[in-house]
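Each chain is listed here by its residues.
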Amino acid sequence: MTQLALVIDLNVCVGCHACVTSCKQWNTSGQAGPLFDDNPFTKDPTGTFFNRVQTFEIGEFPKTETLHFPKSCLHCEDAPCVPVCPTGASHKRSEDGIVLVDYDKCIGCKYCSWACPYGMREFDEYQKVMKKCTLCVDRIYDETLDERDRKPACVLACPTSARLFGDVHDPDSEASVAVRERGGYQLMPEWGTKPANHYLPRRKTQISIHEDELVRVDNPLKKEDIRHETSKDVSLDDWLM
Amino acid sequence: MHPTFSVIFLTTLIGVGQGLFLALFTEQSYSAANLLPAQDSSFYVTGSFIALAFLIGGLIAAIGHLGKPIYMITRAWRGITQWRTSWLSRELILMPLVMFLVFLYGVFHYFGLDANLFGTPELGGQLTLVLGTVTTAAVFGLFIATAMIYASLKFLQEWACSLTVVNYILLGSASGFTLAAAYAAYVAPELVGFYAGWAMIITAAALITRSGSLIRNTRIKYKSTIQSAIGVRHTKVQQKSMGMMGGSFNTREFFHGKTAAFLKSIKWIFLVLVFPLPLLLLWAGMEGDKTLLVMAFLVQYVGLLFERWFFFAQANHPQNLYYQTV
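Residue numbers (my numbering), protein chains in the order written: chain A, 0 to 240; chain B, 61 to 386.
Read the hints as simulated data drawn from the structure, not as lab findings.
Worth double-checking, as some hints may not be accurate.
Chain A side only, calculated, beta carbon under 8 angstroms to chain B, not exhaustive [to be verified]:
1) Q53
2) I57
3) G58
4) F68
5) K70
6) T86
7) K104
8) S112
9) P116
10) K127
11) L144
12) Y198
13) V214
Every residue gets a Cβ at the ideal spot worked out from N, C-alpha and C, and that includes glycine.
Excised from the complex, chain A in its bound form (with noise of 0.2 angstroms):
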């Protein structure tokens, strides 16, 4: 069965908004209407976003690092979102995994909202129904766009590729293989929502080096010309000399 799902690199990410702004770009203009927006140019801009990027401080100064978090549905496999919608607006599609809500279903309601343990989900306070993450369902599949652009606009802004895009279930995708050769993990397990985007963690790129690798103690052409004793045997020495 197929499961699509981003799997996001926090070791790349820079926080820039690129995913949020095509994001919200791409799906304010889709067929299922706007994501509205309160004074967008003005004091205290609100709206709908499918996408958000937040940023944390690890640590305590001065030794603190910096994490940029993007935060969109993660189209969990046990959703808990799905089961309580009274309508069957909010359903998860069995042939790709893809946690959606049929905005012509939606009652508004919230309840939906409530059972998200992640708060993925915005009401829109226009339209007066729940949006999400679509996982670009309207774009992934659109045989018109060259095959390259099928994909969300999450992933295709992203400049640091921090964003992979694939079958989680299939074992020789890219983004299954990130997350099983990087470390990729699945946030709040405790609640066995089982979700479906994976996150790979911040790593440290180190190498070791020993003093005496950086100066060298001895001549080294004093160190080549230390003679050993050579076998009798034949030997590849006996080749080259």
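Following the hints, put chain B in place on chain A, whose structure we already have.
Below, chain B alone, put in the same frame as chain A:
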């Protein structure tokens, strides 16, 4: 969570309606067993229509919880489809069912419809007894469905507890029996002692279970932490940016936005208004003083509004871990 007044009114109003029906039917069953004096049909008719009025009031409040009121007509009917998995869907089915059955109960009493179902012609009101039993089952089903909407959300740890269900049943029944005592003071004074007595017993029981849930909630150890939320194993994690400037749905829906002191004062207000004051007023009104009994109901109902506000505000959603600089 941000307490929504539509849900506060919905849950408290239908609680009163359900409790009042239970009170009426308790009287009818007792009188069928000759434990209480039999009443005219008008007692049940007026009573069940008062109960129906409260249920309709709840339904109107529920409309306020929909995205648009028109969704009640255009989309809410779909709410009956997901009863296999959704407690909200089950509530949406049971609420009209309870309203219909309570209406039917009143109508049957009004027209004096009866049938000899058990082969005992000397026992009157057999048809309404059967209907009342079915309605009672539906009323309890509705109590459970309403409470399970909250209790089934396992990561809202303040709610995910069997005490939530017990509280909804007891608090709804208590307010219904208190209203029944006030109602009886006007139309059937001989029942005041019975209703006021039971209202006091149920209120006292609710005091025990609600205090139990309050005590339980002060001792909750939250399963989710900021570490599990973002998957970083470090004891010091501080949020610097939530990803927006002017707030979002996440910062509006899941935070009550009040101080801890405000929350605490609401707790004490409801603890006084729902339990000791109505108990005192009911006790003082045992002799049938109408004003005291009406006061008992009004005080308890207002207290229940505070109780429900606190119930929502106290719940701490794990998504708040991602929004720490609100």
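Enumerated hints in conflict with the structure, sorted upward: Going through the list in order, the structure violates hints 11 and 13 and respects the others.
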